[in-house]
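Residues per chain, in single letters:
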Amino acid sequence: MTKQQANWSPYDNNGGTCVAIAGANYCVIAADTRMSTGYSILTRDYSKICKLADKSVMASSGFQADVRALQKVLAARHLIYQHQHNKQMSCPAMAQLLSNTLYYKRFFPYYAFNVLGGLDNEGKGCVFTYDAVGSYERVGYSSQGSGSTLIMPFLDNQLKSPSPLLLPAKDAVTPLSEPEAIDLVKTCFASATERDIYTGDKLEIVVLNAAGIRSEYMELRKD
Amino acid sequence: MFRNQYDTDVTTWSPQGRLFQVEYAMEAVKQGSAAIGLRSKTHVVLASVNKAQSELSSHQKKIFKVDHHIGVAIAGLTADGRVLSRYMRSECINYSYTYESPLPVGRLVVQLADKAQVCTQRSWKRPYGVGLLVAGLDESGAHLYYNCPSGNYFEYQAFAIGSRSQAAKTYMERRFEGFVSSTREDLLKDALFALRETLQGEKLKSSICTVAVVGVGEEFHILDNETVQGLIDAFEIVGEETPAPEEAAPAADEPAAPDQGAPADEGAAPMDI
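So the protein sequences, as listed, match chains A and B.
Going by the UniProt record's numbering, the first sequence opens with residue 1, and the numbers climb by one from there.
Going by the UniProt record's numbering, the second sequence opens with residue 1, and the numbers climb by one from there.
Bound-form chain B, shown alone (with noise of 0.2 Å):
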């Protein structure tokens, strides 16, 4: 994509039948650190890498905890990401308000994709530039949906958005017909791996990464600090170097060689997935 006559007002098209500055929002979704998701029958596990300013400051907060049931995972404009968490709360505070039972998660979402289209229609506004993984569990089961700056949404049973996200991908492409019957420990374990791989021979420690769960019984939190690096112990996950064998993993085995595929199809719009 380069700089072109078509691309300055989100409501223009391109001769192509493109909008190009949504586009450009969805640029922003791949320049923010990776976040990831998985999720099984009963649980849906987020985790995301924490990318700092400088060594002297505090990272970004990705996770945000939205209701009991229901959690998002943020890469972009962190800005944008912590008012649409806002926007998320307030709406399932009125469901429940107005209910007295839990919003379900495929209303959220349509809702959250509705205002993101908003923004690709008005001459005033730009795009949202964030992408949202939404994790959720209500009546009909444990939810993944990834949420875009266009007003798209899809569900998933495992995804990743971000930097070196491609990576973390094609990690979970290999595995994810087994993940709907993964337990909870399970798929913690895949994630810190998938999440492992956008690191890139960086050493993986609970200081640079967020995990958070949702489950059946289980309100979605975010797993502190010692519990992380205890998971990242018990699955001796350490960089580049192959793992000692575990006795229940055999995917310990594998080298961490680079796994990327072909870089992102620059040929058509990325909203017509």
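With the rest of the complex left out, here is chain A (with noise of 0.2 Å):
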């Protein structure tokens, strides 16, 4: 008597790729454009980045449905925290909301695999990285999605800082100045996308700086 199997599955997969990296004073979030389904593409023109205060981005890649609920559950708590509060959410304190809310949902989790970039307190770049039920942690540059098994090692060999063992105490934050780590994004979803067959088509990058939010865009490979 074998075990029966699920006929259908609530969750899709829609492919995909998110990276940030934090700067001393700026965050580069980039994810490309393309939304997939098994081996078809549903479209080249998905946004999978999303503007959840001032100074906090989010990009996720996963099941897209998820994470647009997902963005509308955060963007309605941060309108609370704004009635409340009467200002903004901090990127750290958007980081730790995102965790519990992830974790809310254990046990039927959201299928969404978060990179959250943004300013912290300071004015100094932070990114945090998720898993899908909500383990966080503060890095220098983090990918998530199904170009990140890709991108990740060459983060680690062009940003990795020493160990935090090591004395003195380094900053997690990238040394390189903000041109330099939106051109070694660009060229982190170039390679993923000659590989990857689910990342390719756009790509769209975020700057968050003192100067305020900007958006910039290159065209990937669409094969």
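Since the hints were made in silico from the structure, they are not lab data.
It cannot be assumed that every hint is accurate.
Reference excerpt, derived from the structure (chain B facing chain A, CB under 8 Å, subset only) [to be verified]: (1) Arg89; (2) Ile93; (3) Tyr97.
Cross-link-like lysine-lysine pairs, in silico, DSS-like; alpha carbons within 30 Å at most [said to hold, decoys possible]: (4) Lys65(B) x Lys51(A); (5) Lys87(A) x Lys51(B); (6) Lys65(B) x Lys72(A); (7) Lys87(A) x Lys61(B); (8) Lys115(B) x Lys72(A); (9) Lys51(B) x Lys125(B); (10) Lys124(A) x Lys160(A).
Beta carbons: idealized from backbone N, C-alpha and C, even for Gly.
Two independent chains are provided; combine them into the complex using the hints.
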């Protein structure tokens, strides 16, 4: 008597890759714009990036229906916070909220692999990386999604800071300048697009710094 | 209205068909410090007088942002007002979440009125002791509503509530026909002038009033002190002295003599307006 298999799954994987890099006074968040299902492309122009607050931007890959639902919940919670505190949520506060929101559905998770980027209370770049149930950590850089296995080792090679056990303590944020970091992100995606079938079409880059927030786009291979 | 044997409970009718507890709740609104609202085709302005308990304390917040497109000014029991604002914010957020569009003002006002009505028909509750001037903008244009503790609501071109509000109402009654086509600046000027009427000679300064605006392309927000003081200075509104004539303000020449009309009618039940 074989175990009964599900004849239907509530989840689907829409693919895609997200990256974020924290700088001394900026943060770069990027994601491709391809949305897939199985071996087909649903659209070449879907944004995985969402601005949650003035200084918090989230990029999420995985099941985009769950991603959209998660974005809506966080937007509503942020509005409540603003009414109660008369100010925007800081990035570390949003990071904790995202973690709690994900864990809330521990037994029917959001199929979303998130990377949150922004500026902390001192104006320094910060990146938080998550798993599907809310385990999170502040890091200097991260990638999530179908191309993350290709991108992460490359970022480790380029950006990895010496061990935090060594003294004097070094910053997790990269010493790279903003244009250098953007260029690095473009390189990452160009490479990932070559070998990952779910990554491609177009790259959306969002840059957060003291001057505000801006978006940039770059074409990627469409095959 | 005097103490009588039908006013202990909100669920007791008087032989004349009145609910005294509800009427007493409306009295609470009249005791609060003044709040006024006026609207044009594209903007709505709310203004309130800040009355502080003593010189040592800060004043109570009377104007609340409910959503990007809706704000409310209250008069009466400010604690009740705060709770109702929280309810309104919650309703707006839930509607936005479900329909991804802003809650139409008329809908919110009806929900608020129904909530107030419940308190007039339960023996274990009391009516909310706060009047709300709800200002908002939606697809059908700019709106100003008044919600009272009885559960009634009315739409207005301009209205004032709270103590000495009759002076402001009289000022606005003479001008309201022009409001619909007013510019944002004229609307703000009229709001400040109307507010001044309720001060009875006290000098109008930004420290004793709060002004908020919502309009086409302009999210609901409370103007900061410098902006308000700038407007007061620009319109040359100062106490009882006749202000110096301005190029675009013939209204400035009118004397600020008390214009109060007859006191509120005691005979008819206030809810039957």
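*asked:* To test your reading of the hints: which numbers does this structure violate?
replied: none
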